[in-house]
Amino acid sequence: MSAVLLIAVPLLAAFISILNKKLAPVLLLLVSLFNIVSIFFYSLGTITIGGFEAPYGISLVLDNYSLIGLIVINIAFFLVLLISYEKVKKVATVLLVALAGLNGLLLTGDLFNLFVFIEVSGIAAYLISTTNKKYVATFNYLVIGTVGSSFYLLGLIILYAMVGTLNMSDMALRISSEGISAANLSLPFLFMFIGLGVEAKLLPFNSWVKGILGNSNKLVGPMIASVYAGTISLVFGRILTSVFVVSDRLGLILTVILLVGIVAGETMAFASTKLREILLYSSIAQASLVIILFLEGITGWAVMMVIANVISKLVLFAIASYTSDELKTDEVDNLKGIFSKNKIIGVAFTIASLSVSGLPLFMGFVVKMNVLTSIFDGEDYLLAAVILLTSIVEGVYFVRVLIKLWYNKEDAKTINYNFVIKYIVSVLAVLLIVFGTYTTVLNDQVETVNEVFEIGGNE
Amino acid sequence: MLQYAAIVLIMLGLYGILTQRNVIKIILSLNIMEIGLNLFIISVGYVTDGIAPIMTTNHNTNSLIYVDPLPQALVLTAIVIGVGTTALGLAIAKNIYSKYGTFELDEMEEE
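First to last, the protein sequences are chains A and B.
Read in numbering that gives the first Met the number 0, the first sequence has 369 at position 370, and its numbers run on one by one without any break.
Read in numbering that gives the first Met the number 0, the second sequence has 76 at position 77, and its numbers run on one by one without any break.
Only chain A is shown next, with the shape it has when bound in the complex:
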């Protein structure tokens, strides 16, 4: 079996699902499950499509980096489907296409193929977001997303005109062998950075996030904030580590922009009063932080941070969106004391939010501590200071939210969370604790990921 099936099977199922609408959700679950199981049977290596060897044809790359991404994203995707099964029924076909697009994003070793998968998963994301019934927000998302991917394509074409290849590893080789200066590369790089930045929720390009995630239902919230965000971060990591070498000056500019993104995100989260807005601004800050780590070359731990974010955002957004679906409000003041009546949900939410803000015992702490150690080793004190400061801000607003949601038992509203969401969020919360205390697994994974890029890209 070859890893092409991860993309081909969902696409085929998407076409079949059009024929029978009733069968579609079942097919979706089956295909998603098939993907999770089959990942463990593929052998690592480069897959050539259509018999054209690497620089000429499209190739898929399955190395330890994409493997770990595929495992996390496919499992997260499946869990989101389970949580929001009654919403899934309408958009089952779209979700199958989305699954194909997300797997393609992680697997592809070709920059134009990456653009196609960005558009495939992007169009699926616009359609998924229509289940919010906020069409103006979806329209904004569509326009910004299309402009972003057009920018990506523009940068890509300029790069093709300069270098003459579209294959990622070949591009990296030619850039170094032909001695193309970093100054010349900065224009196409910036265009591509903007294009990916739209989907990755980086600061100047993320005005769509509030409309989509601020009104999210229990399908859109976890899907966009956790699954999509994790995938795009990993794509960013792939491009920053194995295609481009960013010059110092450009790196400095980007780092400053991203730092502003972190600070702005955390400040907005601090100022928000709605639960979903707090979470979405916090995830904007987290996205910028991850990209900075990839820029700084702390690849292994950046991947771990992406995974920690996928797990904890899935828990947070699932609970927040479910709650606001039921109560039709997500003002924190209106939700006082809901956790005192739903202890399991409350504990899971608490664990996930404390993990995001980096308290000991949880996965977020291990990741943040190792990241900070590497940053201090690199003597980049400004970055370390910003991360520490924003962690404090994060801690403050999360604790403020938690206190409001746990106390004031008298006028607490009751919500019936169903069995599935309770089960899934508690398993994920336990996972955060396991990774937070038993750190050997993380260290091993970080080493395997780092090894991928030490040899000099993906051969």
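These are computed hints drawn from the structure, not numbers from a lab.
It is possible that part of the hints are untrue.
Claimed, not checked - Computed, partial: chain B to chain A, Cβ under 7 Å:
no.: 1; residue: Ile25
no.: 2; residue: Leu29
no.: 3; residue: Ile40
no.: 4; residue: Ile41
no.: 5; residue: Leu73
no.: 6; residue: Ile80
no.: 7; residue: Val82
no.: 8; residue: Thr84
no.: 9; residue: Gly88
no.: 10; residue: Ile91
no.: 11; residue: Asn94
no.: 12; residue: Ile95
Cβ coordinates follow ideal geometry from the N, Cα and C atoms, glycine included.
Chain A is fixed; fit chain B onto it per the hints.
For chain B alone, kept in the frame of chain A given last:
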């Protein structure tokens, strides 16, 4: 020369997206931008006096200059994707109209 025309079209489209407040006009601007982009992609592969990149037995292929076929293949894909997004945009525009009764973004009451 072709590149300049393409860049002008891209800029025109971007200007439209930034300034227009009508849903249909924004979709049109998006299309203009995409056409400019496609023109730009084609122009990258253009060679003066080049012929279509088709292998034939009639010519001694060594002495002929071909245009680069890859950008043309890319443009085909980009056009298809562009049509897909436009169709989706129009479908959402229809939903917006039936919900608010207008295409002007300023006249809608955003909740």
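The hints, checked one at a time:
1. Ile25: holds (6 Å)
2. Leu29: Holds. Min distance 6 Å.
3. Ile40: Nearest chain A Cβ about 5 Å off; hint holds.
4. Ile41: Hint violated; isoleucine 41 of chain B Cβ to chain A Cβ min 10 Å, cut 7 Å.
5. Leu73: Holds. Min distance 6 Å.
6. Ile80: holds (5 Å)
7. Val82: violated (11 Å)
8. Thr84: Constraint on threonine 84 of chain B satisfied, holds at 5 Å.
9. Gly88: holds (6 Å)
10. Ile91: holds (5 Å)
11. Asn94: holds (5 Å)
12. Ile95: holds (5 Å)
Violation of the numbered hints given earlier is confined to hints 4 and 7; the remaining hints are satisfied by the structure.
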